[in-house]
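Enquirer: Keeping their order, the protein sequence lines are chains A and B. Using my numbering, the first residue of the first sequence is number 1, and each one after it goes up by one. Using my numbering, the first residue of the second sequence is number 371, and each one after it goes up by one.
Note that these hints are calculated values from the structure, not bench results. We put the beta carbon where it would ideally sit given N, CA and C, even for glycine. There's no promise every hint is true.
[What the hints assert, rightly or not] Chain B is faced by these chain A residues, among others (derived, beta-carbon under 8 Å):
(1) S67
(2) R248
(3) W250
(4) R253
(5) D292
(6) G357
[To be verified] Computed far set for chain A versus chain B, every beta-carbon distance over 10 Å:
(7) S3
(8) K10
(9) H11
(10) V37
(11) P48
(12) M53
(13) N88
(14) P99
(15) D108
(16) K112
(17) G121
(18) D131
(19) F244
(20) T252
(21) E348
[Claimed, not checked] No farther apart than 16 Å at their CA atoms in a straight line, the calculated lysine to aspartate or glutamate pairs in the EDC-like style are these:
(22) K427/B to E134/A
(23) K172/A to E451/B
(24) K514/B to E489/B
(25) K247/A to D476/B
Below are the chains, spelled out letter by letter.
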Amino acid sequence: MNSFLEELEKHDIKALAGSASAFSTANVKAALSSSHVGLREFLCLLSPAASDMLETLAQRARSITLSRFGRVIQLYSPLYLSNYCLNNCLYCGFRKDNPMERKILPPDAIVKEARFLFDQGFRSILLVAGDDPETCGLEYLREAISSIHEFLPSVSLEIGPQSQENYIELRKAGAEGVVIYQETYNRELYKRLHPEGKKRDYAWRLETPERVALAGFHRVGIGALLGLGNPMEEAVALFLHTSFMLKRHWKTRLTISFPRMRQASGSIKPLNPVDDRAFARIICAFRIAFPDVGIVLSTREEPRLRDGAVRLGVTHLSAGSRTEPGGYLDPDQRKEQFHVEDGRSPAEVVEMLVSNGYDPVWKDWEAVLV
Amino acid sequence: MNNNDPLIIAGKEFKSRLMMGTGKFPSHETMAAALEASGCEIVTVALRRVDLTAPGKDILDFIDRKKYHLLPNTSGARTAEEAVRLARLARAAGLSEWIKLEVIPDPRFLLPDPVGTLEAAKILVDEGFVVLPYINADPVLALKLADIGTVTVMPLAAPIGTNRGLITKGNLEIIIEQARVPVVVDAGLGAPSHAAEAMEMGAAATLVNTAIAVAEDPVEMARAFKLGVEAGRKGRLSGLGSVRFEAEASSPLTGFLR
Ligand code: SF4
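Start from the sequences and build out the full structure, keeping to the hints where you can.
Expert: Shown next as structure tokens:
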């Protein structure tokens with residue numbers, strides 16, 4: 001079975017992204033009325049011609065989302081375990097060379113943080129940790145998962161890439177999903193942004209979602225960190241990645257996300273900032289191309305944008321998030337990965353959803369399924 | 371509706387032939403109002419959505435168990451084993467012994483796995499569950515399931531959530547023709563007219579969720595489906611005229627016969 005790496009190498013992403021500028025409004029209209037949105041149609045939806053038709057794209061995206069998902073938004077919360085990291089990703093506050101106070105949660109603190117989130121209503125938790133197998137290795141992670149899976153049905157992971165064997169162990173400990181973003185699909189840029197550590201290995205990271213699927217996880221989240229590479233190119237590569245995963249690993253539920261980079265303390269500024277309209281267009285294009293795929297939006301985005309994006313095609317929201325280990329019970333901004341833009345409490349986000357006619361869903365998973 | 375025309379499943383009588391699902395509604399309150407308007411008596415709930423630790427807020431708190439017969443479903447299960455685990459959980463939690471069996475390995479088109487469904491059905495029937503399996507419109511599978519003791523078969527009209535209507539019509543006709551257990555047409559019915567057509571074809575009941583839940587006005591849509599199902603059933607019972615391709619008055623081919 002060939003991997004996504006081989007698949008990606010068959011395409012000239014730069015040329016594909018560039019070709020979008022040749023499309024006309026008529027092409028965009030044709031793409032919108034096509035019954036199958038393939039690569040060509042997707043390029044039309046992202047073309048400069050489509051930027052003048054954003055409202056039309058939004059209407060289509062909304063109607064697809066409503067008919068596939070209903071007025072339902074799934075809520076989840078990140079729980080940061082550790083900000084120790086052996087990598088030096090230039091855009092991240094946790095990077096090794098950033099002189100930040102480091103902390104890793106001991107087992108009892110993990111349970112306390114998780115209990116706090118449970119009491120707020122969360123039943124779906126994303127465990128997040130920097131990449132440091134020394135402090136935050138397989139044993140630590142297994143224990144973290146199983147200690148909270150007793151009362152939290154859905155536990156997923158956003159941690160450094162693991163081997164398939166490790167993933168099998170983590171799944172058996174009770175994890176349901178794994179989130180792993182490629183950051184940038186541009187190989188050259190990837191190299192520059194990751195000067196040190198295991199994360200330098202582009203292929204190892206790119207093939208992680210496949211290992212996750214082969215390890216039998218129910219769900220995998222993929223995505224690109226917008227603000228690094230050329231956004232058109234990132235979107236095209238993510239389109240190919242999404243298509244590949246849906247075809248090849250058809251038993252694994254897929255979610256996608258395109259977090260926009262925020263400058264954190266000690267990190268570089270975004271290289272290719274993506275403005276709100278371009279961001280909305282990307283959400284719409286992915287919704288139209290992949291009607292059944294969940295789209296995740298975190299508290300990196302400000303309330304105005306999040307409230308609007310729910311109506312376009314976002315299906316999963318975090319709320320009330322802290323991005324430092326121990327941040328729910330013992331907040332300390334100096335240990336944050338990035339500063340959240342939507343500081344509303346979970347209850348306030350729920351109120352917003354309900355007043356917009358949405359059902360906030362806390363629980364959509366059952367512990368016995370893993 | 372004709373009161374002498376009950377739907378009987380596993381020895382239990384129901385007046386309504388419309389079953390409802392509970393996903394995708396904009397709120398629990400709207401869902402409860404839609405259930406009421408639909409006149410349904412059997413309500414299916416995804417076990418993975420049920421939160422027994424959140425009393426007062428959980429979906430079950432909005433379903434009056436005295437009024438509705440609860441039919442937990444195993445959605446989320448990719449394998450027979452996972453479905454069996456969910457069913458046991460439902461029974462252990464005192465929810466129900468009735469199980470809408472869904473074994474769905476493909477989270478995208480949500481098409482059921484015939485092999486896994488048959489395996490899980492065998493185990494669950496042996497363990498004393500009342501099993502209502504969700505299947506593709508596969509006549510042989512329907513027969514095999516009835517052979518092992520499921521109390522209905524629930525073939526799909528179209529993939530879940532697509533609202534496309536009876537795209538499996540040809541096979542549904544065979545399933546209904548061969549049926550020894552009630553055939554409940556499930557999934558893909560997008561309009562009351564689709565439900566009416568399924569009932570006219572001889573389905574014992576239909577199950578509707580998405581078309582009601584995502585409608586502009588879910589409560590009115592629930593009422594519309596109720597009427598659609600009743601109209602279809604009445605049409606079926608009243609002897610629909612068959613479709614004629616030729617006038618029968620003259621007999622050009624057989625006129626010479628005495
Ligand atoms: S992005 Fe991840 S791997 Fe890179 S420095 Fe930050 S925490 Fe470490």
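Enquirer: Against each hint, give a clear statement of whether it holds in the structure.
Expert: Each hint, compared with the structure:
The closest approach between the C-beta of S67/A and any C-beta of chain B is roughly 6 Å, which is under the 8 Å cut-off, so the hint is satisfied. With a least beta-carbon distance of about 12 Å to chain B, the hint placing R248/A at the interface is violated under the 8 Å criterion. The interface hint given for W250/A is met, as the beta carbon of that residue sits about 6 Å from the closest beta carbon of chain B, less than 8 Å. Hint status for R253/A relative to chain B: holds, with the closest Cβ pair at about 4 Å, below 8 Å.
Given hint, D292/A at the interface with chain B, holds; its Cβ is 5 Å from that chain's nearest Cβ, closer than 8 Å. Using the Cβ-Cβ criterion of 8 Å, the hint placing G357/A at the interface with chain B is satisfied: the shortest such distance is roughly 5 Å. The non-interface label for S3/A is consistent with chain B: the shortest C-beta to C-beta separation is roughly 21 Å, beyond 10 Å. Look at K10/A: its CB is around 24 Å from the nearest CB on chain B, clear of 10 Å, so calling it non-interface holds up.
With a minimum CB-CB distance of about 23 Å to chain B, H11/A clears the 10 Å threshold, and the non-interface call stands. For V37/A, the shortest C-beta to C-beta distance to chain B comes to about 14 Å, beyond the 10 Å cut-off, and the non-interface label holds. With a minimum CB-CB distance of about 31 Å to chain B, P48/A clears the 10 Å threshold, and the non-interface call stands. The non-interface label for M53/A is consistent with chain B: the shortest C-beta to C-beta separation is roughly 25 Å, beyond 10 Å.
With a minimum CB-CB distance of about 36 Å to chain B, N88/A clears the 10 Å threshold, and the non-interface call stands. With a minimum CB-CB distance of about 42 Å to chain B, P99/A clears the 10 Å threshold, and the non-interface call stands. At roughly 21 Å from the closest C-beta of chain B, the C-beta of D108/A stays outside 10 Å, upholding its exclusion from the interface. Every Cβ of chain B is farther than 10 Å from the Cβ of K112/A; the closest lies at roughly 18 Å, confirming the non-interface assignment.
Remark: the non-interface label on G121/A conflicts with the geometry, its nearest Cβ contact in chain B lying 7 Å away (cut-off 10 Å). Against the 10 Å criterion, D131/A stays outside the reach of chain B, whose nearest CB is about 28 Å from its own CB. For F244/A, the condition that its CB be more than 10 Å from all CB atoms of chain B holds, with the nearest at approximately 14 Å. Not every beta carbon of chain B lies more than 10 Å from that of T252/A, the smallest distance being close to 7 Å; the non-interface claim is violated.
For E348/A, the condition that its CB be more than 10 Å from all CB atoms of chain B holds, with the nearest at approximately 17 Å. Of the supplied pair hints, the one linking K427/B and E134/A is violated, its CA atoms being roughly 42 Å apart against a limit of 16 Å. At most 16 Å may separate the alpha-carbon atoms for a hinted pair to count; K172/A and E451/B meet this at roughly 15 Å. The hinted pair formed by K514/B and E489/B meets the criterion: a straight-line CA distance of about 11 Å does not exceed 16 Å.
Pair hint K247/A plus D476/B holds up; C-alpha atoms about 11 Å apart against a cutoff of 16 Å.
Violation of the numbered hints given earlier is confined to hints 2, 17, 20 and 22; the remaining hints are satisfied by the structure.
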